[in-house]
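S.K.: Use these hints to put chain B onto chain A, whose structure you have.
Number of protein chains: 2
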Amino acid sequence: MKQSSGKGLISFAGGMPNNDLFPVKQIDKIYNSLSDDTKKLCFQYGPTTGYPPLIRSLQKMMLKKGLPAKTDKILVTTGSLQAISIITQEFVNEGDIILTENPCFVGALSVFETYRAKIIGIPIDEEGIDIDALRKVISTLKRPPKFLYITPNFHNPAGILYTEKRRRALLETLSGTDIILIEDDAYGDLYFDVNDKPLTRPLKSYHAYDVEIIYTGSFSKILGPGFRLGYMLSSPEIFEKAETIKQALDACTSNFMQILAQHFIDEGYLTPYLDFLRKEYSERKEILQRSLEEHLPDGIRWIEPKGGFYIWLRLPNELSASAIFKDCLEKGVVFVAGKTFDPENEEDHNLRLSFSNMPKKEIEKGVVLLSKVIKNHLKVSMLYDTNT
Amino acid sequence: MKQSSGKGLISFAGGMPNNDLFPVKQIDKIYNSLSDDTKKLCFQYGPTTGYPPLIRSLQKMMLKKGLPAKTDKILVTTGSLQAISIITQEFVNEGDIILTENPCFVGALSVFETYRAKIIGIPIDEEGIDIDALRKVISTLKRPPKFLYITPNFHNPAGILYTEKRRRALLETLSGTDIILIEDDAYGDLYFDVNDKPLTRPLKSYHAYDVEIIYTGSFSKILGPGFRLGYMLSSPEIFEKAETIKQALDACTSNFMQILAQHFIDEGYLTPYLDFLRKEYSERKEILQRSLEEHLPDGIRWIEPKGGFYIWLRLPNELSASAIFKDCLEKGVVFVAGKTFDPENEEDHNLRLSFSNMPKKEIEKGVVLLSKVIKNHLKVSMLYDTNT
Numbered sequence: 001m002k003q004s005s006g007k008g009l010i011s012f013a014g015g016m017p018n019n020d021l022f023p024v025k026q027i028d029k030i031y032n033s034l035s036d037d038t039k040k041l042c043f044q045y046g047p048t049t050g051y052p053p054l055i056r057s058l059q060k061m062m063l064k065k066g067l068p069a070k071t072d073k074i075l076v077t078t079g080s081l082q083a084i085s086i087i088t089q090e091f092v093n094e095g096d097i098i099l100t101e102n103p104c105f106v107g108a109l110s111v112f113e114t115y116r117a118k119i120i121g122i123p124i125d126e127e128g129i130d131i132d133a134l135r136k137v138i139s140t141l142k143r144p145p146k147f148l149y150i151t152p153n154f155h156n157p158a159g160i161l162y163t164e165k166r167r168r169a170l171l172e173t174l175s176g177t178d179i180i181l182i183e184d185d186a187y188g189d190l191y192f193d194v195n196d197k198p199l200t201r202p203l204k205s206y207h208a209y210d211v212e213i214i215y216t217g218s219f220s221k222i223l224g225p226g227f228r229l230g231y232m233l234s235s236p237e238i239f240e241k242a243e244t245i246k247q248a249l250d251a252c253t254s255n256f257m258q259i260l261a262q263h264f265i266d267e268g269y270l271t272p273y274l275d276f277l278r279k280e281y282s283e284r285k286e287i288l289q290r291s292l293e294e295h296l297p298d299g300i301r302w303i304e305p306k307g308g309f310y311i312w313l314r315l316p317n318e319l320s321a322s323a324i325f326k327d328c329l330e331k332g333v334v335f336v337a338g339k340t341f342d343p344e345n346e347e348d349h350n351l352r353l354s355f356s357n358m359p360k361k362e363i364e365k366g367v368v369l370l371s372k373v374i375k376n377h378l379k380v381s382m383l384y385d386t387n388t
Numbered sequence: 001m002k003q004s005s006g007k008g009l010i011s012f013a014g015g016m017p018n019n020d021l022f023p024v025k026q027i028d029k030i031y032n033s034l035s036d037d038t039k040k041l042c043f044q045y046g047p048t049t050g051y052p053p054l055i056r057s058l059q060k061m062m063l064k065k066g067l068p069a070k071t072d073k074i075l076v077t078t079g080s081l082q083a084i085s086i087i088t089q090e091f092v093n094e095g096d097i098i099l100t101e102n103p104c105f106v107g108a109l110s111v112f113e114t115y116r117a118k119i120i121g122i123p124i125d126e127e128g129i130d131i132d133a134l135r136k137v138i139s140t141l142k143r144p145p146k147f148l149y150i151t152p153n154f155h156n157p158a159g160i161l162y163t164e165k166r167r168r169a170l171l172e173t174l175s176g177t178d179i180i181l182i183e184d185d186a187y188g189d190l191y192f193d194v195n196d197k198p199l200t201r202p203l204k205s206y207h208a209y210d211v212e213i214i215y216t217g218s219f220s221k222i223l224g225p226g227f228r229l230g231y232m233l234s235s236p237e238i239f240e241k242a243e244t245i246k247q248a249l250d251a252c253t254s255n256f257m258q259i260l261a262q263h264f265i266d267e268g269y270l271t272p273y274l275d276f277l278r279k280e281y282s283e284r285k286e287i288l289q290r291s292l293e294e295h296l297p298d299g300i301r302w303i304e305p306k307g308g309f310y311i312w313l314r315l316p317n318e319l320s321a322s323a324i325f326k327d328c329l330e331k332g333v334v335f336v337a338g339k340t341f342d343p344e345n346e347e348d349h350n351l352r353l354s355f356s357n358m359p360k361k362e363i364e365k366g367v368v369l370l371s372k373v374i375k376n377h378l379k380v381s382m383l384y385d386t387n388t
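If you read the sequences in order, they're chains A and B. Okay, so the first sequence: first residue is 1 according to my numbering, each after it adds one. Okay, so the second sequence: first residue is 1 according to my numbering, each after it adds one.
Hints are computed from structural coordinates only; laboratory data are not their basis. There could be a bad hint or two in this list.
[As the list claims (entries may be wrong)] Pairs of lysine to aspartate or glutamate residues, derived as EDC-like cross-links and limited to a Cα-Cα distance of at most 16 angstroms, are as follows:
1. K73/A <-> E240/A
2. K40/B <-> D28/A
3. K197/B <-> D275/B
4. K241/B <-> E113/A
5. K142/A <-> D96/A
6. K360/B <-> D28/B
7. K365/B <-> E304/B
8. K39/A <-> D20/B
9. K25/A <-> D37/B
10. K118/A <-> E94/A
11. K39/B <-> D28/A
12. K40/A <-> D20/B
13. K25/A <-> D36/B
14. K306/B <-> D130/B
15. K29/A <-> D36/B
16. K118/B <-> E94/B
17. K375/A <-> E293/A
18. K25/B <-> D96/A
19. K39/B <-> D20/A
20. K40/B <-> D20/A
21. K60/A <-> E267/A
22. K39/A <-> D28/B
23. K40/A <-> D196/B
24. K25/B <-> D36/A
25. K331/A <-> E364/A
26. K241/A <-> E240/B
27. K29/A <-> D28/B
28. K306/B <-> D193/B
29. K29/B <-> D36/A
30. K306/A <-> D196/A
31. K375/B <-> E293/B
32. K360/A <-> E283/A
33. K118/A <-> D96/A
34. K379/B <-> E318/B
35. K29/B <-> E364/A
36. K73/B <-> E240/B
[What the hints assert, rightly or not] Okay, the calculated beta carbon distance ranges per label pair:
37. E243/B <-> K118/A: 19 to 27 angstroms
38. L274/A <-> L141/B: 54 to 62 angstroms
39. E243/B <-> E362/A: 29 to 37 angstroms
40. D196/A <-> S35/B: 36 to 44 angstroms
By construction, the Cβ of each residue, glycine as well, lies at the ideal position given by its N, Cα and C atoms.
Next up, chain A with everything else stripped away, as it sits in the complex (with noise of 0.2 angstroms):
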């Protein structure tokens, strides 16, 4: 595997933004347009819950959203990870049920694991989590889950986004159950459509008043992930509770990470570097899209994203994308194999490939190799098939 670290490894698998997307200029400027004594408050502790100018620029954003963020309360995290683990250390035992959708994003599972919940996934559909799989679940557990977790806009790693029908239902399903809603939205603001934008309006702004909702964001995926910025937006007693752990997690977020990110959102960088990777990201998802089409044999399913990261490969139920990763590698390209993000660790059959950190003249050269494989893999199967 002479290539599976090299240069000439080309890569589906990272879900991060591509270097070369970073707003360096931009912080730039902040960075040497700060006063003295607002540089002194970088290297200083600030409150736990986060740096109160900060904390405004979010209301406004979330406010804008028509999030609850006047009468809600926001913390600001060491990104939105850290704020399912503080949720997780709020409400979950060692044994309690966590609901998750399947697939799901991977490292809300590893924190649920990590706090040992019994976790069930739900399928999902191109319109979101399957409300009767869901239902049947709910009925049928003698404990009540502690949550669901889901990511309803451009999902990491089916690249889906929920209609308003089915953000609809799943809100009644939960109507009266007590099961709280975590709404992760790291990826609402990348949708490649501007028209689509009404689409991606958060669960927590349907006003359910009988539904809890925790939300949560991210500013990994708007400005940079080594900032580990996120936020959560929750009712004042689940905000109470989260702000004690946030405490003995690490007394609070760095100072110097938040001034610089209040400066991008409130110095008016934020608005325009939200079009450019919009517009970096729907060409990439484009020109993997007509490769994919162009490329790769029949029976290969996918919804084309409508805006994220991700585009998730369905493969036929012949096929191992376990054994496919294997031989990709050998030939110098990778993604993620599905199993990653199902709860069970089972489902083989899916392949996730991320376009956020790749270079655009790469995309099809990765896509002509990993058709190759795929398709070896199709006449193996076939030939299997003749012979049994």
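M.R.: Okay, now just chain B, sitting in the frame of chain A:
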């Protein structure tokens, strides 16, 4: 209490560096000399265990202190509090016993309480933890404690420096008990007299092979708390589990902050900055020490610190630190009452004066106010004595 939040308040309360002492200009220089590629790295995810060049710099620093940084492993954390939190999550279940010093760093106490440990505080004297008391507690416990948490260098709040004899006696006491020692060395570099440097030698460098020691450190006191950077050094086994926990807590520590810290060390800024800090803190300590000698009434005892941030006053038994705190707040001077640092939250005859965040010219003024309040309390207590 009109002065309690106003600018006129003289505060011996905060255990943080003064804003005016931060190396703002040095970090400015470093930031603006980073290459474009390094800046891009600042924005990106990094390895869970830490930014490799920072780990190498930490390793060098640790080897100079005699620490086994070649065989043991370094994990970078968001402050030493996160290291303590990770260690607690790794070893402690609800109801497990943790031994601490009494008094003890309140941040650690709040972590241990969050994980619902049973905390037993062991008294300390001017040479370190009380070995007889420790032996007695260990011998009477039915279940062995999970670990002992100590701050041997310039203790927070007590300001003491463990003697070498006490360090050795502690290691002998722990030998063969399976009690892990957590050695928190947040202040070790802040000795006032270079001749005392050898006295700060970490217990983990004593090569006590049958005592498991986890060593923690921080950038909060030698660069800035706003960076949220700390680290732990432990055996590979403890490190591996800690890495998994860190992964689920926040994926990784900010690359941005790690890269600035690494350049701060490697470009030679740390060493002169430490000299500067030692001088500044030493001067503040001198002023506070002389002011206390001059103004405090007889009967108040303290040990002149050899480094760190704190002077710990012991009141006569008839005085209450909480009551003095209330009156001091009215007069416009604050400190932290000793109860805060007592795991039982009872001992009310001590107060912690922090000189780290104190402008030099305010120190004596604060001591005069404090002394007046204490003298008043002494008078009242003598009156009370006469009447009974």
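S.K.: Any hints this thing doesn't respect? Which numbers, in order?
M.R.: 6, 7, 14, 18, 23, 26 and 35
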